[in-house]
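**Q** Protein sequence lines correspond, in order, to chains W and G. Just so it is clear: in the first sequence, position 185 is 187 by this note's numbering, and no numbers are missing. Just so it is clear: in the second sequence, position 4 is 102 by this note's numbering, and no numbers are missing.
Think of the hints as simulated: they come from the structure by calculation, not from any bench. Hints may be right or wrong, so weigh each one.
Only part of the chain G face toward chain W is listed, based on derived beta-carbon distances under 7 Å [stated by the list, open to error]:
#1 L224
#2 G225
#3 S266
#4 S273
Ideal Cβ placement from N, Cα and C applies to all residues, glycine included.
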Amino acid sequence: MVESPSAAALPQPSGRSQATQIPLSFHPSFKPDEIKIDVENLGIFYSDGTESLRGITLAIPKQQITVLFGPAGGGKSTFLRTLNRLNDLADVVSLEGHVRIDGEDILDPKTDVIALRRRVGMVFARPVVLPMSIRQNLLYGLELRGDRSESHADELIESSLRSAALWEEVHDRLNEPAVSLSGGQQQRLCLARVLVLEPDIILLDEPTSGLDPISTGKVENSLQMLKRNYTIVIVPHSIQQAARIADYAAFFLDGQMIEYSRGPDLFTNPRHPKTQDYVEGRFG
Amino acid sequence: MKVSRAAQRKRTQQYGFWGMTLMAIATVVPIVMIVGFVFAQGIPGISLEFLTAMPRDGMRAGGIFPAIIGTFWLTLGTAIVAVPLGVGAAIYLSEYAPDNRVTRTIRIAIINLAGIPSVVYGLFGLGLFVLFLQFGTSILAGSLTLAIMTIPVIISTAEEALRAVPSSFRVVSVSLGGTKWQTIRKVVLPQALPGILTGVILGLERAAGETAPILFTVASFFLPRLPSSLFDSTMALPYHLFVISTQVPGMPVRIQYGTAVVLLTFVLSMNLIATVVRSRARAKRQW
Numbered sequence: 003m004v005e006s007p008s009a010a011a012l013p014q015p016s017g018r019s020q021a022t023q024i025p026l027s028f029h030p031s032f033k034p035d036e037i038k039i040d041v042e043n044l045g046i047f048y049s050d051g052t053e054s055l056r057g058i059t060l061a062i063p064k065q066q067i068t069v070l071f072g073p074a075g076g077g078k079s080t081f082l083r084t085l086n087r088l089n090d091l092a093d094v095v096s097l098e099g100h101v102r103i104d105g106e107d108i109l110d111p112k113t114d115v116i117a118l119r120r121r122v123g124m125v126f127a128r129p130v131v132l133p134m135s136i137r138q139n140l141l142y143g144l145e146l147r148g149d150r151s152e153s154h155a156d157e158l159i160e161s162s163l164r165s166a167a168l169w170e171e172v173h174d175r176l177n178e179p180a181v182s183l184s185g186g187q188q189q190r191l192c193l194a195r196v197l198v199l200e201p202d203i204i205l206l207d208e209p210t211s212g213l214d215p216i217s218t219g220k221v222e223n224s225l226q227m228l229k230r231n232y233t234i235v236i237v238p239h240s241i242q243q244a245a246r247i248a249d250y251a252a253f254f255l256d257g258q259m260i261e262y263s264r265g266p267d268l269f270t271n272p273r274h275p276k277t278q279d280y281v282e283g284r285f286g
Numbered sequence: 099m100k101v102s103r104a105a106q107r108k109r110t111q112q113y114g115f116w117g118m119t120l121m122a123i124a125t126v127v128p129i130v131m132i133v134g135f136v137f138a139q140g141i142p143g144i145s146l147e148f149l150t151a152m153p154r155d156g157m158r159a160g161g162i163f164p165a166i167i168g169t170f171w172l173t174l175g176t177a178i179v180a181v182p183l184g185v186g187a188a189i190y191l192s193e194y195a196p197d198n199r200v201t202r203t204i205r206i207a208i209i210n211l212a213g214i215p216s217v218v219y220g221l222f223g224l225g226l227f228v229l230f231l232q233f234g235t236s237i238l239a240g241s242l243t244l245a246i247m248t249i250p251v252i253i254s255t256a257e258e259a260l261r262a263v264p265s266s267f268r269v270v271s272v273s274l275g276g277t278k279w280q281t282i283r284k285v286v287l288p289q290a291l292p293g294i295l296t297g298v299i300l301g302l303e304r305a306a307g308e309t310a311p312i313l314f315t316v317a318s319f320f321l322p323r324l325p326s327s328l329f330d331s332t333m334a335l336p337y338h339l340f341v342i343s344t345q346v347p348g349m350p351v352r353i354q355y356g357t358a359v360v361l362l363t364f365v366l367s368m369n370l371i372a373t374v375v376r377s378r379a380r381a382k383r384q385w
């Protein structure tokens, strides 16, 4: 399946011409006002040639959980990091196509990246709490924004921690160092820290990969609650998790999107042979 | 057969272990001896008068107050110049500089600067500050010369401290809507601060004890009054020690060693502060 680098570097048209490209009819169809993120023919190439993306076209619906899954190195994280322009920190040599959030192309050089990142929160694979108290961690994003109104902050802290299913465990120890929390609690704190900024979209990159099953369950439950208010895009850490939580699922392989469909359909009835192989565990 | 070979290996390990222990002890012995010897010879010379009076009798009596004050001002002056420049350069190199030829050249320059003999700095200071810029032999010229010598030390230790801060902190801060500078100011710098401080103190400590850079730029042989401006020259402890040890006949030993005790105490207490700062920060560190 690994293609030669020269083939990978060629910009490819989206559509039917490519063997590995799915026919557009495989896409779920959304009404325009159901779409939160509209990705059109996205291509990314790193200077070292790793994890590039080619011809990604998909529409991510509002207030649903969209799962991006596939073997490691397929470009899922790269895709995720494009949605909040975190790839700006990496060594990207070329970027093509469009990513529209609420109709606005965020790849446009004029985009206010800082404001974008406040609207598009991100939770990483390893919980990274900042070396400060639980409370300071939660308020960090507000502080960056220059927002220090205390009473408002308390409400936000409580509601965010409740949404992340962490309030009961930490409400009486908010001033303790965040590292004193367990790994699972730290990851939920990272989620709550994103929620404090009241984003529209939450990106999660294997958020439960380091967590025990109970913490994983708590995070997954939180996501089910959160999707009422947020658009969630997640790279799951296992195909089981993908199947459990996906409203919509996209299968990524070697920098391309192979298949995109409603979650239950994709996992019970994959159409593309490669998706079938992966879902049934024949590789990956 | 097997057993005896194992026993032999164990014995070899024992010898090796003892050998290394001896070497470790051997490195400590000279330090203890130097400090012990200097203090034993010098403590009788220490008195309130010695610390607070002007030298008299061609420095054979009285105190070393102007030299103490001179070294204090020189160290302070060095800090005022070297700390902002050194830390600023370290922040640039660690956080902003792209990995290109210019950056590599800067790094090589810094490494080489750290290796230049201090007397060459002294000569450079004489040429640039004292003569060309016409600061004269002055605290200003001396501080600037010492600062140039100290900056590379501060840059390299500060840069190392900044790089030790996990990059995940930076990514998270940026992902929460932080600008680069906010990230540096609120996360990276506070975490690196103890390491930076340690480097700063060690650099200043070296500046405080150096003789060669101040020789041509600020230090006076005998000046029994306190400096009143940046453009005054002054006595300073290391140079004073050199002078009374080699240039003045009939100098009482207790004054020589008393001066050494004061200089050593000054430098060692800075060292102690650095150690305390570092160990406290390590205990508090959360990563």
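**Q** Of the hints given before, which are not true for this structure?
**A** Result: hints 1, 2 break, sorted rising.
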